[in-house]
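Number of protein chains: 2
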Amino acid sequence: MLVIGAGAMGILFAGYTWLAGHRHLTVLTRRLAQARAINDSGLHLKLPGEKLLHLKPQAIAAEEDDKLESQPDLSLVTVKQTQLIPVLSWIRRNINADKPVVFIMNGLGHHDYIREALPHHRVFYGVTQCGATRIGDTKAEVRGTGVTAVGSLAGGTVDSAPSFSRWREDIAPYLDVCWTNRIEQTMWKKAVINACINPLTALFQVPNGKLADFPALTQLMKQLYDELQPLIQAVWGKETPSILEEGRLWEEIIGVCHRTADNHSSTWQDIRHGRRTEIEALNGYFVKKAAQYHIDLPAHRFVRQAILALEEMKNDDER
Amino acid sequence: MLVIGAGAMGILFAGYTWLAGHRHLTVLTRRLAQARAINDSGLHLKLPGEKLLHLKPQAIAAEEDDKLESQPDLSLVTVKQTQLIPVLSWIRRNINADKPVVFIMNGLGHHDYIREALPHHRVFYGVTQCGATRIGDTKAEVRGTGVTAVGSLAGGTVDSAPSFSRWREDIAPYLDVCWTNRIEQTMWKKAVINACINPLTALFQVPNGKLADFPALTQLMKQLYDELQPLIQAVWGKETPSILEEGRLWEEIIGVCHRTADNHSSTWQDIRHGRRTEIEALNGYFVKKAAQYHIDLPAHRFVRQAILALEEMKNDDER
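For the protein sequence lines, the chains are D and W, in the order given.
According to the UniProt record's numbering, the residues represented by the first sequence are 1 to 319, in order.
According to the UniProt record's numbering, the residues represented by the second sequence are 1 to 319, in order.
Everything hinted at is true.
Treat identical chains as interchangeable: a pair holds within one or across any two.
Each computed PhoX-like pair below joins lysine-lysine, with the alpha-carbon atoms no more than 25 Å apart:
1) 314 - 222
2) 210 - 314
3) 222 - 289
4) 190 - 238
5) 139 - 67
6) 288 - 189
For the record, the hints were derived by calculation from the structure and aren't laboratory data.
What you are looking at is a predicted structure, and each value in this text was computed from that prediction instead of being measured.
Sequences and hints are given; from them, build the entire structure.
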C-alpha cells in the first residue's frame, strides 16, 4: 500500500494502516528531506487517549521515481489541492491504471483535474471527518476521529477494488471507513461546511468554536451559508434537500464548530505558516461554479479575496 | 465659540481657532476627568512641521450644564456618531435655536437624528479632509490637512450665519474652510471613500496605504466600491456622475490611500482601543438605505457584520 502525501492526514492514514497490521507500507513525500527523516526515525502518530504509535514505513520522495519497487495494490492520496497537479503527473508515470487510487481531499474541483489527468485509472474519492495536526516532518497528532466515506464518481462499485475492501476490513477495528454510493453529495456537504467555517477562522484568527460562540461571527457564517442556497438548488435540483440534510445542514455546521471547538482550521494553519491555502477548492470553487449558472456569490467572492490577501501579505512579510 | 467633543478632531479645530486669535473658546467634553485635565494643563496640538501649539480654552463636561456662562455664537460638533444622541439632547437644553451649530462628522445618517432632535436650530454640516490622532486627554497631533467643506442641508445660505463667516475668515490663513451648496453630495462622497477604506483597514490591521499596495486588498475595496453603484444611482439619479466625480471617485479612493498611507483609520483605531466604531454610519448606513430601495449590498453587509464581530471579540477580551 502507498500513501501519497505525508502531511497530517497522510500520517494519520499511514498510522491507522500500520495499526491494522499492514507492514508493507510506503509513504511518498514532496520533499527529499522529509523522506530521509521518515526513513531515519519512522513516523509517530499520537492517537486519541495519549497513546503514541511508532511506525516504520518506507519513504520515498516524489523525485525518486525509480525507488518505487513494486506496484502498490492500493494508493491513498492525502495531499492538499495546491499540490495536486505534480501528484497527478507522478501517478500517471508510476501507477498502473488498474491499481485503485483513493483521493481523500478537502474541497471540490479536484475531480475535474483528476478525471482529465487519469482518464483510465480506477479512481475513488474519500471525505473524512478525521482531523490531525502535523508536528515537524515525522509526527502528527489525531485531533478527532469520525467516518471516512469513500465512493466513486464514475459509478463504479466497491467490488471493482478488492484491495480497497481488504484494507477497509483490516482497518475497521481502528477507523471507520465506509463505502457510499453518494460520495459527490458527501463532498459537497463537507465543502459547504468548510467554506462557511474555514475562511472566517483565518480572517478573525479564531479556533472553530468561536464562530459558534460570538453571535456576530455566527451571522457571518450564516450569510455565507444562505448565499450558497441558489447554487445548490441550481446544481442539485430535486436532490437539494438531501445536500441540505432536510434543512439540518446549518445545525450541522454549528455542531462542527462545537465538536471541534479548539481546533484551528487548515486554512488558518496555512495562513499562519505562510503556506498557500485551499481557498480555491472551497469558496473559490463555489464562486466559479456559480458563475457558470449566472449566479453571483458576493460574500464568497469577498472571503476568497480576503484569504488571497492574507496569503499575499504573509508572503510580503517574509520577503 | 464652543467646540463640542475633545477628541482628535475637536482638539484640531479648537487649536486652529485659537491660532486664529479666538481666545473666548470653550470645549465641551463627555468625561469630567478630561474637562479637569484640560482646565489644569490646557490643550496641546502638534501642528504639521513639528510646531507645538498650546491653548488654554475653558473646558466643561457635558454633565455640568450650569457652567456654560454665555450662549456661544458658534458651535462646532466634532463627536463620533456613537456619541451623538446625548450630545443632541445637551444642545437642545443649552443652545438657543438661533445660534448656529456646525456638525463636522464622518459618515451618513446623523442628519436624520439631528433634523428630528433640533428641528428649529440653525444647523450646518461639515466634511473635513483633515486628520488627527489624539494622544491622552489633552493632546492631539495633526496627521494631514485639507479642505473642510461646510453647508446646509435645509437650503440655508452662509449669510444666515455671520458668526460662521467671521470664524471662517479669521481661520483662513491657517485652515481652509469653504462654504458649499452641495454639502450632501460631499458627505456622500466622503462616506463612500470611508466605507471602502475603513472596514478593511480594521479587518486586516493595516494602515491605509496597504490597501493600495496589495492588489488583493485593492480588489476587496473595488468590490465594496462597485457594489455601491446601484444605490448611488437609485438615490442620486441624474446627479450620479457628480457623486462619482465622472468616474474619478475610484481613483480618488486610491489617492486617499496613497496620501494617507501611514495613517490608521478611525475604525481601526477604535477597534484597537476597544471602542465602538462608526460602522453603522458608514457601511451600516448604506446597507439600511439600500434596503429601502430593495437593493442588497452583501459585501457591505459582510464588512459591517465583521466589524461588529471585532467589537464583540474585543469586548470579550477585556471582560
